Amino acid sequence: MTRRRPLPSLAALLCLAVPLLARSAPDAFSLDEIAPGVFVHPGKQLPLDAPGHDDIANIGFVVGARCVAVIDTGGSVRIGGALQAALRGKTALPVCYVINTHVHVDHVLGNAAFAREHPVYVGHALLGPALTGSRDFFLKNYAADLDAPATAAQIIAPQRTVAIGAPLDLDLGGRHLSLRAWPKAHTDCDLTVYDAASGTLWTGDLLFVQRTPVIDGSIKGWLAAIDTLAGMPVRHAIPGHGAVGTDLQALLEPQRRYLQALLEEVRAQITQGGSLQDALRDVRPLAQSGWLLWESTNPRNVARVYQELEWE
Amino acid sequence: MSARQSVPRQRLASPPGGAKARDGNAWQFGRKSRRMGQGPLVAVLLVAPLLARADNQSPSNGAWQSMRPQLYGTRAIGEIGDQLMSIDAPGSTPDPSATPIVVHFGKELTGKLKQVRVIIDNNPSPMVTTMNLQPGLPVDEIDLRVRIDRFTSVRAIAESDDGRLEMRSTWVNASGGCSAPPSASGGGTVGEIRFRPSNDAKALQISIRHPNNSGFQIDPRTGDPIPPHFITHIRLSASGQTLMEADTGISLSENPTLRIATSEPLATPLTFEATDVPTQARFTATWSGNGSAAK
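Protein chains in written order, with numbering that gives the first Met the number 0: chain F, 0 to 311; chain E, 0 to 294.
This is chain F alone, in the form it adopts within the complex:
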């Protein structure tokens, strides 16, 4: 019988690749104060199924006069715990809020590390249902990133939610965060957090810098969100992945180009009677533009966008 042999695991192959990627020393948990009281731990640009996959998102916190808000907790209880320890190194104030920008594993699985502080967990109104829908998937594939024994109780849903069109204000003591829920874009539960005191916008995964954007919601919704974000006056932009910057419009532009090209090329495929397989083979926008992890991410995006557009 002719058939392909099973591939060696991706993790095994990437053990070869990892030394080629920039990484910080294993013991250091880096924390950058990008504006007074605004701290970011930069995620590593590694694939979701490689060693170190629990530390790929930008996570951090904002310190007010009364208490602290954590924004995303990383991809494991271990990373969440490291964030908490780093936070304690900066302030003794209690953590009053843990905010999740969306449902993806690299942003939420550290939530349980903060439970002993009894914060209020906050997220988009659809974050709870999204976690419910993903619960079995997380437990099956990411059990090692939770404390043993891995249980659903460690996957913590928001107690306070933000609805689209009704931004939520959180007072950290003389410092206000404005939380905004978005219509389906990167996911169906995207939330951004704005700190007026420093003019800092935490975009969650509505913005990817360097790392190929991942579509898990709606490409049309995401392009609309990008247009809105581009009009916001912001002094510091903290993307979900990639380097923090000061020019939000400039940071958004490569992503907008990629998503727009994806939309147009997939739509053209469909209009010309191309199948999903044809699209997966032929739709390769900006392949050489330096997007990290493009080869593994682009096909997933093509599959999602094709299914979104084929019923237009």
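Take these hints with a grain of salt, some might be off.
Some chain E residues judged to face chain F by a derived CB distance under 10 Å, without partners named [to be verified]:
hint: 1; residue: Ile100
hint: 2; residue: Val101
hint: 3; residue: Ser178
hint: 4; residue: Arg193
hint: 5; residue: Arg208
hint: 6; residue: Gly214
hint: 7; residue: Gln216
hint: 8; residue: Asp218
hint: 9; residue: Arg258
hint: 10; residue: Thr278
hint: 11; residue: Ala280
hint: 12; residue: Thr283
hint: 13; residue: Asn289
No lab work stands behind these hints, which were simulated from the structure alone.
Note that the structure is predicted; figures quoted are calculated from it, not measured.
Yeah, the Cβ is synthetic: ideal placement off N, Cα and C, and Gly gets one too.
Given chain F, put chain E in place with the hints provided.
Using the frame of chain F, we list chain E on its own:
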């Protein structure tokens, strides 16, 4: 995951013009296995085995072991020869809940096919479909979109009108396709049917809007499983003659999609019918043959 490790093959980035373009050297992937391309920083140069080789090992723990005798007894099943028949699927699927499978038939089989079955060994419902074809229907390609639950063998078995059996299979890596929640395209009118012909009119893609719930998906609002609700039977006919009819199930993706390529254009007008469980709803639409059409 199969414990059987192999000599790693060179994994090339997809060449321009698509992976179907065969390069002339020994690193052929051909149609049998098309990589989606991963680990862009690694180019591991190792010797790739030549494509057509006999391999007596069947996958362990696969449903095929028990299904084979039930379906085909001890009849001989040919397994070699890309020219005669091949199956193509992404080695690591970009979307486990909607993985494109392409089964291609060579000249020797086109027009002689009686039945085609597709089996996904490690799915909760391994039998994806049994398709019975009108004698002489000159099918040279069948495309399906399937759910893949975990790393598995995907097989296509064709029976020709003289009783000859041929099987081709390939590996697909995936996770959670049968329990993946309904996608962004969910909603819309259940039963809406679309016909999309290819530019050369030799292939026709037919899609039906339907959740095709497997029963393994969790409703995000309640945490309870979404009850099964899926298409069980489809039929393609022209002038009252059945060209193809198929039993189908939960291994087809949401909004089940089938594409058939034939060496001559199909007769039109063409009628597509589908029935589902548990509602026993019957959906039907007719394509006149001019351009793409919605119902």
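Grab the minimum C-beta distance from valine 101 of chain E to chain F and call the hint holds if it beats 10 Å, violated otherwise. Given a least distance of 6 Å, the restraint on valine 101 of chain E holds.
Once the shortest beta carbon distance from arginine 258 of chain E to chain F is found, is it less than 10 Å? 5 Å, holds
So, as I understand it, the hint says isoleucine 100 of chain E touches chain F; can you test that by seeing if any CB pair is closer than 10 Å? Hint holds; isoleucine 100 of chain E Cβ to chain F Cβ min 9 Å, cut 10 Å.
Taking the closest Cβ pair, is glycine 214 of chain E under 10 Å from chain F? Since chain F brings no Cβ nearer than about 14 Å to glycine 214 of chain E, farther than 10 Å, the hint is violated.
Given arginine 208 of chain E as an interface hint, is the shortest Cβ-Cβ distance to chain F below 10 Å? 7 Å, holds
Glutamine 216 of chain E as an interface hint toward chain F, with CB separation required under 10 Å: 8 Å, holds
Is the shortest C-beta separation between asparagine 289 of chain E and chain F less than 10 Å? Constraint on asparagine 289 of chain E not satisfied, violated at 13 Å.
Under 10 Å, Cβ to Cβ, is where arginine 193 of chain E needs to be relative to chain F, so tell me if that hint holds or is violated. At about 8 Å, which falls below the 10 Å cut-off, the nearest Cβ of chain F leaves the hint on arginine 193 of chain E intact, so it holds.
Restraint outcome when serine 178 of chain E is required to lie within 10 Å of chain F by C-beta distance: 6 Å, holds
Holds or violated: is the Cβ of threonine 283 of chain E closer than 10 Å to a Cβ in chain F? Cβ of threonine 283 of chain E sits 18 Å from chain F, so the hint is violated.
Holds or violated: is the Cβ of aspartate 218 of chain E closer than 10 Å to a Cβ in chain F? 8 Å, holds
Given a cut of 10 Å on the nearest C-beta pair, is the interface hint for alanine 280 of chain E held or broken against chain F? Hint on alanine 280 of chain E: violated, closest Cβ of chain F at ~19 Å, above 10 Å.
Going through the hint list in order, the structure does not satisfy hints 6, 10, 11, 12 and 13.
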